[in-house]
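Peer 1: These protein sequence lines are chains A and B, in that order. Heads up: the first sequence at position 71 corresponds to 71 in my numbering, and the numbers run straight through without jumps. Just so we're on the same page, my numbering is the position in the second sequence counted from 1, plus 1000.
By construction, these hints were calculated from the structure, which means they are not laboratory data. Accuracy of the hints is not assured; some may be wrong.
DSS-like mimics (lysine-lysine), calculated; alpha carbons at most 30 Å apart, straight line [claimed, not checked]:
1. A/7 x B/1185
2. A/274 x A/222
3. A/331 x A/7
4. B/1262 x A/7
5. B/1235 x B/1185
6. B/1300 x A/7
7. B/1300 x B/1235
8. B/1235 x A/111
9. A/274 x B/1235
Quick look at which bits of chain A chain B covers, simulated, 3 or more residues with Cβ under 8 Å [claimed, not checked]:
10. 56-65
11. 75-81
12. 209-223
In this text, a Cβ means the ideal position worked out from N, Cα and C, and glycines have one as well.
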Amino acid sequence: MSELQLKSTRFREEREAGWRRLEALLGKVEKGSAAGLSDEDLLAIPVLYRAALSSLSVARAISLDRSLLDYLESLCARAYFLVYGVRGSIWTSLWRFFLDDWPAAARALWKETLVAAALTVLGVLVGYGLVMSQPEWFDAFMPQALAAGRDPSASVEALRQTLYSHRQSEPLSAFAAYLFTHNAGVALVAFALGFAFGLPTAFLVVSNGCMMGAFVALFVSKGLGFQVGGWLGIHGVTENFAIILAGAAGFHIGWASAFPGEQARLDAAAAAGKRAGALMGGVLVMLLCAGMLEGLGRQLIQSDLVRYAIAGATAVLWPAYLYAFRGPRTKLEQAGG
Amino acid sequence: MARDAKEKVQSKEKAKPAPRPPIGDAEVRSLVTPEGVDLRLRLADVGQRFSALLLDELLMGAIFVAGTVAVIMGLLALHSKGGFEAMIVVWLLAGFLLRNFYFIAFEMSARAATPGKRRCGLRVAARNGGRLTADAIFVRNAMRELELYIPIGVLFAPTDLVGGWMKAAATVWCGVFALLPLFNKDRLRAGDILAGTWVVRVPDRRLLRDLAQGGVHETAGIRFTLEQLDAYGIKELQVLEDVLRRFDRRAVQVVADRIREKIGYARGEESDGAFLSAYYAALRQRLEARALLGRRRVDKHDKG
């Protein structure tokens, strides 16, 4: 009675095997066992995908079987995302990120970086000036949890002790890990707040500078200026550079969403978000380094001069990597363009 | 189909047929592949996204608790103060990594979805239909910190550290971001806006049996005239498909009676199920044949 069969049923019977095979291969790849696929299977996926797409077009025209259409739509979408999805392993994209994407993003956002740096310096000057003239200002800038007893009422000796840790007395590296998560939080917020047209980012960057200025002023007023420079600089160069970059990323998206130019606001925000996102990934790496320097380096290195040397080295190496270094792909683009 | 009588009255009142929406509805977005076929993706609804998030948070909570137990066990085994310190460091950093990279790592995998999203049949996709890049995934999840964790952190912070007004502000803040997906047509949260992504439904569907597989005249004795087959359109056919797939006895009986009444079919010896199957196959053949000639009959009010 084959002549009484529906055209759509015959169509399905002819093509079903290919769909099933594609479905099985997709299942394997999505479970993460792509390595277990044979070459033949890997080559078959794009072919089967195109066959499924053509089946979908035909089915839409000739079949009224809802479940068949739903199945083909979902199968084609899954295959599409596999064929045109995120390419390469996480390792190759990490490699590319360090060689090209991160420095390129930092260079592209140099204007915003300058603005954030200027705001930080402004904050430092304000914090320093105010605390030097009136020590009571210190409490206004410094949250108590971070000050941890380091305030204008503390004695010189007590302050000196906080700069040179006695290893067994307090869990300093745990404190450093806490600081990393805290600072990473600050950086993420500085970036994310850029969404509100950059204004809260500016506030956060300035207040970070104020905190630093107030902190330095406290120690300088007790005659510990040189020592606190080493204590802060060993990790602070990296850390504050990172926070400045995060602020720059925030300004970038804030500017793009406030003044999208010729693009639609949503598109401008998305484009800026991507550029700033690469930079933010780098910021987190820098903060991790800063956390390590702060938690381990500062404990192990008690000499002021070595601390200054490390501070100086980081102050040269980070900008050199971000602004002078050119990755292979960047070079290629520059040569081509 | 239980509303037939009522609709009949209404359709008489209305002079011209109601405008028909194109296939799909407000939540369908077209994505044209390079091969030129529109995939017609469906956006995830807010409920699905919330349950996916809830599942992910529960899973992360479970991992964190398990990790904490492991850290404590390690501590007991080590007995040393240095060990204690190292453990705290590991614990804090691992907590941070878990919170921030759980989403990133899973969304960078082939499925572009966290376990929670997978469970709900969702995945992240680029809004422009292109490749989903690592940057975009990073951005959409960096914003999560601002949208979710910080307001919650403030909300649950001890009151002596954070004032009451701060909590009120956090509530408003949280509300603005949490409700953002409800107030734009693409259901984007702030992270999606910045990353140029959206969350779509890609459920794993099984290929179900073809209800018309046996052909049209398999059940001897059940035949329909053309007038009887012209009583319904595509919409009704697909409702009928649904009824047959579920095969709820009461529904089958009610629908079979309703159709017999509508098309004036004298009840024979056949069962309700057999009658519906036969009618389904015949109706589908009729409608598909007409569609092939360029006349898709959308529903029973469509006289074209």
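Peer 1: Under the constraints set out in the numbered hints, which ones does this structure not fulfil?
Peer 2: Numbers 1, 2, 3, 8, 9, 12 - these are the hints that the structure violates, sorted from lowest upward.
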